[in-house]
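Visitor: Below, each chain spelled out in residue letters.
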Amino acid sequence: MASITFFSDDAAVTLIEVAQLRKVFRRPDKRPGLAGSVRHLVERKFVDKVAVDDIDLRIDAGEAVAYVGPNGAGKSTTVKMLTGVLVPTSGTVHVEGRVPHKDRIANARRIGVVFGQRTQLWWDLPVRDSLELLRDMHGLSDAEYGRNLERLDATLGLAELLPSMARKLSLGQRMRADLAAALIHRPPIVFLDEPTIGLDIAVKDKVRAFARELVAEGTTVLLTTHDLGDIEDICKRIVIIDAGRIVYDGGIAAVLAEYARERTMHFALAQAPMSLAPIGARLPGAVVSEGPSASQVDVTFDPSVVSAGQVLVAVQSEVEVVDIRIDEPAIQDVVRRMYAGELRDAPREGPDAPP
Amino acid sequence: MARFRRAAWLYRRFLGAHLRSTLEYEADFWIMSVAAVLAQGVGVIFLWAIFESIPEINGWQFWDIALIYALVVMSEGLSVLFAQGAWTMSFVVNLGGFDALLVRPFSPLLQVLSSQIGMNGLGNCALGAGLLIGAATHVDVDWSPATVALGLLLVVSAALVKVGLNTATNASAFWIKTPWSMFGFSMHTFGELARFPITIYGVGVRLALAVVLPYAFMSYFPASAVLSTGVAHWLGFLTPLVALYCLAMGAYVFRRGTLRYESTGT
Amino acid sequence: MTAADPVLPPRLPVPAVMRANRSMARTAFRSLVTHQVSFLFGLLATAFAALSMLYLWRAVLANGPVHGFDWPHMKAYLLLTFVASSLVSSYVDYRMAGRIREGDVAMDLVRPVGYQRARFVEALGFGVYELGTGLLVVVVAALAFGGVPGPAGGEALVFAASALLVFPLRFAVVYMSGLLVFWTQNYIGVQAGRIAVVTLCSGALVPIVFLPLWAQDVLAYLPFVGMAATPALVYVGHLTGSEAWRAVGVQAFWVVVLWGLGRAMWGAASRKLTVHGG
Numbered sequence: 193m194a195s196i197t198f199f200s201d202d203a204a205v206t207l208i209e210v211a212q213l214r215k216v217f218r219r220p221d222k223r224p225g226l227a228g229s230v231r232h233l234v235e236r237k238f239v240d241k242v243a244v245d246d247i248d249l250r251i252d253a254g255e256a257v258a259y260v261g262p263n264g265a266g267k268s269t270t271v272k273m274l275t276g277v278l279v280p281t282s283g284t285v286h287v288e289g290r291v292p293h294k295d296r297i298a299n300a301r302r303i304g305v306v307f308g309q310r311t312q313l314w315w316d317l318p319v320r321d322s323l324e325l326l327r328d329m330h331g332l333s334d335a336e337y338g339r340n341l342e343r344l345d346a347t348l349g350l351a352e353l354l355p356s357m358a359r360k361l362s363l364g365q366r367m368r369a370d371l372a373a374a375l376i377h378r379p380p381i382v383f384l385d386e387p388t389i390g391l392d393i394a395v396k397d398k399v400r401a402f403a404r405e406l407v408a409e410g411t412t413v414l415l416t417t418h419d420l421g422d423i424e425d426i427c428k429r430i431v432i433i434d435a436g437r438i439v440y441d442g443g444i445a446a447v448l449a450e451y452a453r454e455r456t457m458h459f460a461l462a463q464a465p466m467s468l469a470p471i472g473a474r475l476p477g478a479v480v481s482e483g484p485s486a487s488q489v490d491v492t493f494d495p496s497v498v499s500a501g502q503v504l505v506a507v508q509s510e511v512e513v514v515d516i517r518i519d520e521p522a523i524q525d526v527v528r529r530m531y532a533g534e535l536r537d538a539p540r541e542g543p544d545a546p547p
Numbered sequence: 018m019a020r021f022r023r024a025a026w027l028y029r030r031f032l033g034a035h036l037r038s039t040l041e042y043e044a045d046f047w048i049m050s051v052a053a054v055l056a057q058g059v060g061v062i063f064l065w066a067i068f069e070s071i072p073e074i075n076g077w078q079f080w081d082i083a084l085i086y087a088l089v090v091m092s093e094g095l096s097v098l099f100a101q102g103a104w105t106m107s108f109v110v111n112l113g114g115f116d117a118l119l120v121r122p123f124s125p126l127l128q129v130l131s132s133q134i135g136m137n138g139l140g141n142c143a144l145g146a147g148l149l150i151g152a153a154t155h156v157d158v159d160w161s162p163a164t165v166a167l168g169l170l171l172v173v174s175a176a177l178v179k180v181g182l183n184t185a186t187n188a189s190a191f192w193i194k195t196p197w198s199m200f201g202f203s204m205h206t207f208g209e210l211a212r213f214p215i216t217i218y219g220v221g222v223r224l225a226l227a228v229v230l231p232y233a234f235m236s237y238f239p240a241s242a243v244l245s246t247g248v249a250h251w252l253g254f255l256t257p258l259v260a261l262y263c264l265a266m267g268a269y270v271f272r273r274g275t276l277r278y279e280s281t282g283t
Numbered sequence: 007m008t009a010a011d012p013v014l015p016p017r018l019p020v021p022a023v024m025r026a027n028r029s030m031a032r033t034a035f036r037s038l039v040t041h042q043v044s045f046l047f048g049l050l051a052t053a054f055a056a057l058s059m060l061y062l063w064r065a066v067l068a069n070g071p072v073h074g075f076d077w078p079h080m081k082a083y084l085l086l087t088f089v090a091s092s093l094v095s096s097y098v099d100y101r102m103a104g105r106i107r108e109g110d111v112a113m114d115l116v117r118p119v120g121y122q123r124a125r126f127v128e129a130l131g132f133g134v135y136e137l138g139t140g141l142l143v144v145v146v147a148a149l150a151f152g153g154v155p156g157p158a159g160g161e162a163l164v165f166a167a168s169a170l171l172v173f174p175l176r177f178a179v180v181y182m183s184g185l186l187v188f189w190t191q192n193y194i195g196v197q198a199g200r201i202a203v204v205t206l207c208s209g210a211l212v213p214i215v216f217l218p219l220w221a222q223d224v225l226a227y228l229p230f231v232g233m234a235a236t237p238a239l240v241y242v243g244h245l246t247g248s249e250a251w252r253a254v255g256v257q258a259f260w261v262v263v264l265w266g267l268g269r270a271m272w273g274a275a276s277r278k279l280t281v282h283g284g
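Residue numbers (the working numbering), protein chains in the order written: chain P, 193 to 547; chain W, 18 to 283; chain Y, 7 to 284.
Derived by calculation from the structure, the hints in this document are not laboratory data. Just so you know, these numbers come straight off a predicted model, no measurement behind them. Please note that a few of the clues may not be correct.
Here are some chain W residues pointing at chain Y (derived, C-beta under 8 Å) [what the hints assert, rightly or not]:
| no. | residue |
| --- | --- |
| 1 | A52 |
| 2 | I67 |
| 3 | S70 |
| 4 | I74 |
| 5 | F79 |
| 6 | W80 |
| 7 | V156 |
| 8 | D159 |
| 9 | W160 |
| 10 | S161 |
| 11 | T195 |
| 12 | W197 |
| 13 | M199 |
| 14 | T206 |
| 15 | Y269 |
All C-beta atoms, glycine included, are put in the ideal place defined by N, C-alpha and C.
Can you make the complete structure from the sequences, with help from the hints?
Guide: Here is the structure:
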């Protein structure tokens with residue numbers, strides 16, 4: 193089926209078009225145990241859970257979009273509908289003009305998917321065998337396959353993983369192998385669904401560097417995550433979804449500025465300080481307060497004004513520090529602030545104004 | 018059609034991919050093969066013991082029924098060898114492995130069916146072949162190249178009936194969301210009723226075996242066509258059509274299931 | 007699906023041991039009821055098997071009795087061996103094999119209740135369900151096929167003795183085949199093979215009297231007949247008086263011998279586990 197392309201004023205090609213997309217899961221409303229099941233045979237009551245609630249989305253060729261939201265917001269469900277794994281309850285999805293769940297095989301040739309929590313590899317086969325099976329499914333020539341493999345090896349360090357069986361790989365190794373499996377056919381559209389979940393920081397960095405490279409090559413990327421650290425330097429556009437609805441769709445700068453605006457460091461001290469004033473004097477603009485107990489101090493500061501390192505030095509010059517903790521910025525906070533109207537929508541394409 | 022040839026090639030490729038890891042479990046292979054032969058062999062002993070005491074059942078003699086049996090054993094062996102993956106459906110669909118299949122450029126159904134190669138099916142095939150040859154030499158049939166060709170066609174068709182029905186019943190995995198294929202298994206044991214001439218059963222069971230879940234076309238009808246005995250034996254010549262019907266039914270149920278797939282389960 | 011028994015120190019007072027046993031039995035029973043769908047289809051599968059047996063034998067005996075069996079008595083024989091065959095037919099060896107393969111069996115070594123006895127109690131818990139569903143299928147089948155004749159007179163005592171011995175005998179054989187997993191690592195094949203051999207040799211498929219004389223002579227002294235055929239034969243009046251008591255004696259003999267063999271096997275298996283690490 194030929195792909196239909198849409199041309200906007202900017203002559204950008206819209207590859208992914210989503211309109212009024214809705215997914216409702218129906219669960220039987222029954223009590224546990226044998227009695228409940230029997231009763232359900234007669235009464236047939238169901239509970240509807242709306243996972244994705246009438247969303248609209250357009251992604252152009254070459255865009256790198258971050259699709260972000262708290263756990264259970266509907267991110268994975270959206271991606272599953274975009275890749276043809278789930279059939280929408282209502283609304284439309286078009287990827288290069290095709291409906292994913294109808295033209296599944298043709299669509300599969302043009303996309304690469306990484307599901308963070310599930311693997312694409314064959315469990316009991318060496319990675320090399322898995323990749324060769326994918327090569328055969330995609331009909332790649334030996335030359336093409338060799339070229340693509342080399343390219344992936346350069347960024348992911350694939351060669352060392354090739355002889356191992358998928359079930360013997362660590363989580364980080366498996367993720368690298370899964371990225372290779374998803375991209376062995378050089379698809380123009382790539383979906384990365386929670387690619388860094390559960391990984392340690394070293395592997396996370398590798399994955400992020402890989403994603404950056406993909407974007408630089410012009411691949412259209414949709415990256416879903418609930419870790420905002422994944423999207424820095426990779427995506428220019430961020431779509432925030434919460435409880436099935438898109439609450440923000442626009443430039444990333446405003447969001448990062450907002451979420452990075454305030455950090456809090458928690459210090460555990462050797463003994464309760466006499467007074468917090470000396471610390472406060474060294475950090476103008478920061479808020480120094482007592483923590484949950486007298487020998488704990490919290491410092492809330494703006495990282496663009498004073499760095500975490502500077503805060504640490506300031507505190508250590510006044511008191512003896514035993515332990516430190518810095519709060520991870522949470523997407524929930526950004527969403528909360530969205531609802532509180534603290535985050536203004538930057539120019540974007542089309543979705544509804546926030547509720 | 019080039020697409021059909023390509024699909025067949027990919028199917029063989031998938032079957033072969035697991036061959037190496039399957040063969041690693043050598044001890045397993047022998048135990049499973051011996052067990053399969055024992056299980057079927059006991060059935061043959063049972064038949065033989067009965068026929069030592071009586072000359073015929075409903076007009077069918079020992080080697081006639083042995084022919085039915087041979088078809089069942091052969092179909093079982095072939096379907097285990099080439100489409101054992103059908104039995105993994107409940108597991109794959111309900112424990113999260115299905116998503117990966119849906120984003121690959123190859124039919125998800127064919128991927129599932131070819132995901133396992135049941136080497137222990139060879140035991141059944143050997144026993145089935147032995148029984149077939151034994152039956153062929155003892156029954157009252159004029160064997161010519163034409164009848165032998167017909168016989169082989171019927172054997173293959175019978176196996177395809179089994180594969181189709183295995184697929185259709187195991188596709189219940191999309192509706193009965195447990196990781197075990199209990200529905201498929203219970204329908205398989207229903208199909209075991211087709212080991213004997215269906216004339217021994219009541220009308221309801223006969224209809225179920227001939228029309229609803231046509232297991233009788235895996236064994237009884239093809240056998241009666243070859244032997245020219247039994248009720249409406251010409252029906253047996255329809256076996257290849259029934260095989261296509263069962264395969265189509267399996268594919269249809271699987272496709273309906275795919276459309277309502279909810280991708281739960283980690 | 008593991009019973010969440012805490013690891014207790016050895017030498018418990020008797021009531022606590024009894025409680026541990028009862029809870030194991032209850033857990034076994036309960037784990038089945040929670041998997042209701044599987045339970046129903048498993049039941050259906052066994053019902054189909056019973057169905058095919060009944061239809062087939064009706065056709066076989068259509069022209070008159072064979073080897074002393076007429077159709078009404080054959081019905082009774084088949085239904086009784088069916089109930090017997092459904093005891094200890096799943097769960098215990100399956101769960102044993104699972105735990106052995108996963109390595110959880112090391113935990114079982116330190117439990118206060120002996121391994122074999124523990125498995126027996128589990129089997130009892132499950133056996134309640136097996137007996138219940140077996141009787142259910144049998145009653146329905148009996149009604150569908152026109153009822154069964156009552157028991158042959160005067161043998162109530164020997165019948166009771168024989169029937170009671172079926173369960174421990176079946177358990178002993180299943181237990182030992184489950185232990186084989188320690189050596190073969192394969193469970194499904196071993197189980198399938200056991201089921202095939204036991205079904206034939208216990209007379210559940212065809213009464214032993216249909217087999218050649220030399221087979222009958224051998225099987226009469228093996229444990230298998232006592233697992234199904236013996237009580238059924240007493241019921242239909244084919245085993246009477248001293249002959250019946252001798253058969254019961256063979257049953258009892260094998261219960262004792264196989265229980266002991268089972269202990270020996272367990273000893274060998276646990277030695278293998280502790281020395282080689284399983």
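Visitor: Hint numbers the structure violates, sorted upward?
Guide: Violated: hints 5, 6, 7, 8, 9, 10, 15.
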